[in-house]
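Since the structure of chain A is provided, determine the placement of chain B on it from the hints.
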Amino acid sequence: MSKQRLIQIRPLPRIEGHADLSVSLDKDNRLIECRMDIKEAPRFFEDMLKGRSWEYVHHVASRICGVSSVAHQLASIKATEQIFGVAASEQTSLLRKLALYGEVVQSHLYNLGYLVLPDLVGTDSLLSLAQTKKPQALPFIAMHRLGNEITRVVCGRSIHPQRLVPGGFTKFPDFKELRSIRQRIKARMPQALEIAKFFARLKERLPELHRETPGLALKTNGQYAFYHGRLASGAGAAWDPDQWTQRVEEYTTPQSSAKCARLDGNAYRVGALARYNLNHEHLTPKARKAAEIMGISAPLNNPFHNTLAQYVEAVLALEETVILIDRLEETGIRYDDAPAVVKPQAGHATVALEAPGGVLFCEYEYDKEGRIARANICSPSGQNLASLQADLETLAVQSASENDESLASKLALLIRTYDLRLPCSVH
Amino acid sequence: MRDDMPIKPHMAFYEFTGCGGDLLQIVDLEEVLLDIVRHVDVESFRKITTGGVTACDIAFVEGSITCPEDEERLKEIRKQSAMLIALGACAATGGINCLTRLLPQSETTAGGNEYPKPLSAIVHVDAALHGCPVDRAELLRVVKDLLLGKRPAIHNSPVCVECKAAGNVCRFDLGKPCLGIITRGGCSAACISEGATCWGCRGLAPGANLDAARAVLLDRYGFSTQGLVQLASLHLSCEAPSLTRAGGAA
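Residue numbers (my numbering), protein chains in the order written: chain A, 1 to 427; chain B, 1 to 250.
No wet-lab data here; the hints were simulated from the structure. Think of the CB as a built atom: it goes at the ideal place given N, C-alpha and C, for glycine as much as any other residue. Do not take every clue at face value.
[Unchecked claim] Among chain A residues calculated to face chain B with C-beta under 7 Å, some are: (1) T132; (2) N148; (3) G167; (4) K171.
[Stated by the list, open to error] With a straight-line Cα cutoff of 20 Å, these simulated SDA-like cross-link-like pairs (lysine to any residue) come out: (5) A:K176 x B:E194; (6) A:K410 x B:R46; (7) A:K134 x B:I36; (8) A:K39 x B:E76; (9) A:K186 x A:E330; (10) A:K410 x A:K171; (11) A:K171 x B:E194; (12) B:K144 x B:M83; (13) A:K171 x B:S193; (14) A:K368 x B:S224; (15) A:K133 x B:L34; (16) A:K134 x B:E30; (17) A:K50 x B:P104.
[Unchecked claim] Stretches of chain B that chain A covers, calculated by requiring three or more beta carbons in the stretch to come under 8 Å of a beta carbon on chain A: (18) 21–34; (19) 49–55.
This is chain A alone, in the form it adopts within the complex (with noise of 0.2 Å):
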């Protein structure tokens, strides 16, 4: 018998969700297995959907997840709203693309700064740097709220907000407060700038993982997306959502309650890391900035580069919500834009939005009465299980000499880098 190196982390701490690693690696160091067990219990949202009158499907389904319960909505709205025909005002997509934004730096930041920063700077948590040193971990909290406070003036509340709906909204922020926002995104810049420094001094204790995967994001006309667009992989020709069941395919493992996913019949990425590098040409000047203050350019293969790729997105989102709000100030806001009016019909569609996790698919079909009669759903997190897979052996492989406890430790950091929102993935 040979002696067995077995590395375990159950369950893993700081992630979204449960799950359990196991690594073992035989007496030459060579891998034998490498597993991530997913351990979150599926609700069944697609059963739950099944039956759901169209006025409370996006409430629905906005409580797949909790970090991104605004993108969550924004799909069912855009698929329940393309099935009808309806067709929301230029003010209502103007509004809708702020609340994404708002969640875009929310939710990269408690995964940058909650999730990962802690491995970086060698503590437990942020609220353990905060303790210590709190000028380090203050302006990672400040922007966190910032974005929290973007979806709130806009949607009413940062989780599961009540204003969306199919048509519009049934209430409109008020403009001192998106002013007071505007104000604060703008002397919250150049401490932002700063935070991109703080990183390219912790970017050399990133390990380096190289490995070409194909990664899959939204693309459209003069704009980094995330609201709407194509699907864009690589060189190869845009496609439209509804081609998606063509393209993905979804399929059950052992050791995941997940589903994962196959572009074209290969692993590949989505999320921060996929877009950066199909969208760097439309970053905002202080986005370009971060970035180059990092030290990244496209394109980046590095799977522990999509922190850094979702710092660049987060101030991206900060500025694009102000020429969003600058815009509005502009025509002013319509306060007697109501809903459009929806006249349910049979019929059905398939929308793609990008989450702040990735490109996030919906797939609704809606009888004559506006009852979903079939709902798909395939979440970010899912579609990079492949992947994520892919690169913790290449991580085990390429790291098998280290002792328990850095290996440990570095494909901890590889998991949280991933953004992973497994009660989403299982949904």
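Chain B in isolation, oriented as in the chain A frame:
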């Protein structure tokens, strides 16, 4: 309630099945959370720090129970915690997860329609913070009460009380079904004030008269049974199954 709450109580935060939004509301207290952790010892908060099931004075538990293993873990948490607080709708009432209890059994692979369950179906719960998600202001008030050794006051009156105080036009008069008349308040009627309706996320107000609610909604205001079933199914499938069936009273 303990009258011997330590000056610096040990606190733990646990999660079961849900969207993670209620513990996220704690994170979303932002700088205020830093003030709280100066007054407590956080023993376990796996979501953002680390820790397993451990002895503590106050445990906040999020999510609903979906399998026998969860039941065992919850019992262990109960044993180790002087006070156990259910955090959010999934923990307090089963929440939106219980929609699956309305499905024919064959549609899910879960262990029948017995699950999901609220925490109180398994263990004694000292207090429940309701809502989907929990309200940050209420959360903060309850944490302060607990640190002062007071039993936290939980709202018992229906949402309508706060809704009237907020000056909202009654949803019924706008032709929209609403569950404010039977739903526990404490949310400042947040959803109605935002132009939505009350969908019952805080669970039933104590003594809620479901038959009367049905009569008011259907007979007096003429809403359809389907409309009521759709609305009540969202958050009350576990607590008020009679409202989630087209057939009528339980």
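Tested hints:
Contact between T132 (chain A) and chain B, as hinted, is not supported at the beta carbon level, the nearest pair being about 12 Å apart and thus beyond 7 Å. Proximity of N148 (chain A) to chain B holds as hinted, the smallest CB-CB distance being about 6 Å (cut-off 7 Å). Using the Cβ-Cβ criterion of 7 Å, the hint placing G167 (chain A) at the interface with chain B is not satisfied: the shortest such distance is roughly 12 Å. Hint status for K171 (chain A): holds, given a least beta-carbon distance of 4 Å to chain B, under 7 Å.
A distance of roughly 17 Å separates the Cα atoms of K176 (chain A) and E194 (chain B); the hinted pair therefore holds under the 20 Å criterion. Between K410 (chain A) and R46 (chain B), the direct Cα distance comes to roughly 18 Å. Compliance with the 20 Å bound is thereby established for this hinted pair. Restraint check: the Cα-Cα separation between K134 (chain A) and I36 (chain B) comes to about 15 Å, which is no more than 20 Å; the hinted pair holds. Pair hint K39 (chain A) plus E76 (chain B) holds up; C-alpha atoms about 19 Å apart against a cutoff of 20 Å.
Between K186 (chain A) and E330 (chain A), the direct Cα distance comes to roughly 18 Å. Compliance with the 20 Å bound is thereby established for this hinted pair. As the CA atoms of K410 (chain A) and K171 (chain A) are separated by approximately 46 Å, the hinted pair breaks the 20 Å bound. This hinted pair checks out: K171 (chain A) and E194 (chain B) have alpha carbons roughly 6 Å apart, not beyond 20 Å. Between the alpha carbons of K144 (chain B) and M83 (chain B) the distance comes to roughly 15 Å, so the proposed pair stays at or under 20 Å and holds.
Restraint check for K171 (chain A) and S193 (chain B): satisfied, since their Cα atoms lie roughly 9 Å apart, inside the 20 Å limit. Distance check on the hinted pair: K368 (chain A) and S224 (chain B) sit about 17 Å apart at the alpha-carbon level, within 20 Å; holds. Taking the CA atoms of K133 (chain A) and L34 (chain B), the gap is about 12 Å. The hint holds against a cut of 20 Å. Of the supplied pair hints, the one linking K134 (chain A) and E30 (chain B) holds, its CA atoms being roughly 13 Å apart against a limit of 20 Å.
For the proposed pair K50 (chain A) and P104 (chain B), the alpha carbon gap of about 12 Å is at most 20 Å, so the pair holds. With 10 residues having a Cβ less than 8 Å from any Cβ of chain A, the segment 21–34 of chain B passes the three-residue criterion, so the hint holds. Evaluation of the coverage hint for the segment 49–55 of chain B: fulfilled, as 4 residues show C-beta separations to chain A shorter than 8 Å, against a requirement of three.
In terms of the numbered hints stated before, the structure departs from hints 1, 3 and 10, listed from lowest to highest.
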